[in-house]
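Enquirer: Spelled out, the chains give:
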Amino acid sequence: MKFYDVTDLALRNLRESIFRNSLTTIGISVGVASLVAMLSLGIGLQQLASQRLQKSGLFDTVVVTSRRDLRNFREPREDGPLPAESPVLDEPARGKIEQLPGVIEAYPDIRFSTEFRFDDKPHLTMVAGVPPSAKNNNDAFDGMQGGFFSAEASPEVILQKSFAEELLGIKPKPGTDDTNIADLAKPLLGKELTMRYAERTASPTSKGPVDGAAYSVVSRQQTLKIVGVTDVDPDSMRGAARARVFVPLKLAQDLHVMQSSLRDASPSDAATYTSISVRVGNPNQVPAVEDAIKKMGFSAFSLVDATRSMRQFFAVLDGFLAIFGSLALAVASIGIVNTLVMAILERRREIGIMKALGASDGDVRGLFFAEAGAMGLVGGTVGVTLGWVIGRLINFGTNIYLQRQHFPPAQIWSVPLWLVLSAIAFSIVVSLLSGLYPAARAAHLDPVQALRYE
Amino acid sequence: MESSPSLAIRTENVCRYYQMGEALVRAVDGISVDIRAGEFVALLGASGSGKSSLLNLIAGLDRPTSGAVTVHGSNLAALSREELAKYRLHTVGMVFQSFNLIASMSLLENVELPMRFAEVDRRERSTVAHQALESVGLSGRLSHRPMELSGGEQQRASLARALINRPKLLLADEPTGNLDSRTGTEIMDLISSFNHSLGMTVVMVTHEHTLAQRYAGRMLHLADGKLVDDLSNIPSAQAPAPRGETQ
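Protein chains in written order, with the numbering used here: chain A, 1 to 454; chain B, 1001 to 1247.
Worth double-checking, as some hints may not be accurate.
[Said to hold, decoys possible] Only pairs whose alpha carbons sit at most 27 Å apart, straight line, appear in this in silico DSSO-like list of lysine-lysine: (1) B:K1226 with A:K2; (2) A:K225 with A:K191; (3) A:K2 with B:K1168; (4) A:K186 with A:K121; (5) A:K225 with A:K295; (6) A:K171 with A:K225.
Bear in mind the hints are in silico, worked out from the structure with no lab data behind them.
Whenever a hint applies, use it, and build me the whole structure from the sequences.
Expert: What follows is the structure, encoded as structure tokens:
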């Protein structure tokens, strides 16, 4: 039989017992819907988590420190040169690290604690240099008020919300988080802030190789324009030492601010860094980069193991969700087998007639296959729609909850096109597999017996 | 009656046994018979004499336990299931006592059905089916479902369906068994006219001796699966030309 005729006859047969076939199809729809809803939540959560984590810089960043820094003795088992023999973490070292394969950028961590003057009142806080790439890679700068630094070394500053509150003399009530960031930013944006700091200058008299007194300190001040106020803490991974004021990295470098942590002196006056942050293109490349940096004689630290376990967690979660979703589909497939076996009993005589008229085994098999496939297609399509709606509802409900808890809305649900197509395809395949046995049974009916059947 | 010298059907010591629980039923038990192309043969006998079983063997619906059935030179026992289906599709047309029209389809669709299996083009299918229904006098009932028609009309439709792929054999199993005598005669007249006008070989199972005498050129009597009598007959009915004959 031609494809058109097979489909035509199959659809006619499905219409003949519309009620029973609809019930079976609804069964498939519910199965597919549960599969799609489960997987779309799994995928959505995974996307949400990996987006947040990627932007947090936790998993694509390697922090490099010199082994000369005494604080790194917490890793005594590491191979490599002794602290005293290890190289200095300076500009040439930074350049070399930046040339490693997979590395996007390597920038020094510049942070120092200093005093600001605003409205003639002093405020003490931690300042951090921010690289230009943070504009696009750190989600703290996504939703902020105002804008990012206008130039690489412009005398501008971005404030963290809590410091903005401090400048304005607002004391946040404990336990509440309802200060509107826009209200905070309005009186501050465009205003100027004076930073008082200690500049570290090389002493012209002494150039000894390891001489702690090879530099002197000069008190200076710098006026900075407030260009942005951010709600989220861009420096969250720093814990207690986190900064609340951010300046362009280049500016921070040029100011040669005396950094409290930099106790050892470099042989030359060339910039020496406490630590360097290395941003890697793909979290998968982090271990290789880490190894290469360790071979250079530095200490390297990353949280890549945490990503691995996070991915593993999501793989297991998706697996479980898929299994639970598929269970419903498995039950539905039994429904298909049942419906088609019933249809064979009911249409036994009809099958006999068709065979007597010259229908081949293949014709009869094709007919039952087409019926199963059609139920799978319709069930799959309706199911995907249903699953999409369920996912939306869950997402909607979650966001209402998040809003009540004063969290920003989040997309915890995602139905990518591949999920839609593969869910429908899966539904058809499952239906066809379910049709395998009934179709074979119908095809092998003995026409003489079937014609005798009343 | 016109007779052709070529052989249409040959059965050679054909047997069909069934196992019914412990007992072996010899439905057809060593029948050898030659039927020439264009013959009108009646298979007569009491219930259970094996006439329907023999017809099923000739129709390719069943396979013999032993012996051979050869139709137009091809041994049915040697055909695969697929080839046997093709044989039923193109060589055989069947008419049943209970009409066996598909209840969910209109008359037109019922008559078109064998052409779907033969993969005939859709437009051609419709034209041919229209003509066939016209030739059995049902052109006004194309979209009716079988249940809306009388027995005679249903049997005429099933006759149109049987002839739709222009088979060489028309096999009829008690075609008038469910009809009153007047409509039965109408059907028999139609069958007879197709036998004459198309030169089609007809094998008809019946237990009505008078019907056989009126239409058949040869009467085969079966009892207990065996051929007990093979009589030539001069049919008493003069076949009228079928209505709307387009051949």
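Enquirer: Does each hint hold? Answer for all of them.
Expert: Outcome of the hint check:
1. Taking the CA atoms of B:K1226 and A:K2, the gap is near 43 Å; set against the 27 Å cutoff, the hint is violated.
2. The suggested pairing of A:K225 with A:K191 holds, with an alpha-carbon distance near 6 Å, which does not exceed 27 Å.
3. As the CA atoms of A:K2 and B:K1168 are separated by approximately 24 Å, the hinted pair is consistent with the 27 Å bound.
4. Under the criterion of a C-alpha separation no larger than 27 Å, the hint pairing A:K186 with A:K121 is consistent with the structure, at around 20 Å.
5. In summary, the hint linking A:K225 to A:K295 is not supported, as the alpha carbons are separated by about 42 Å, beyond the 27 Å threshold.
6. Of the pairs offered as hints, the one joining A:K171 and A:K225 holds, with about 23 Å between alpha carbons and a cut-off of 27 Å not exceeded.
In this structure, the earlier hints numbered 1, 5 are contradicted, and the remaining ones agree with it.
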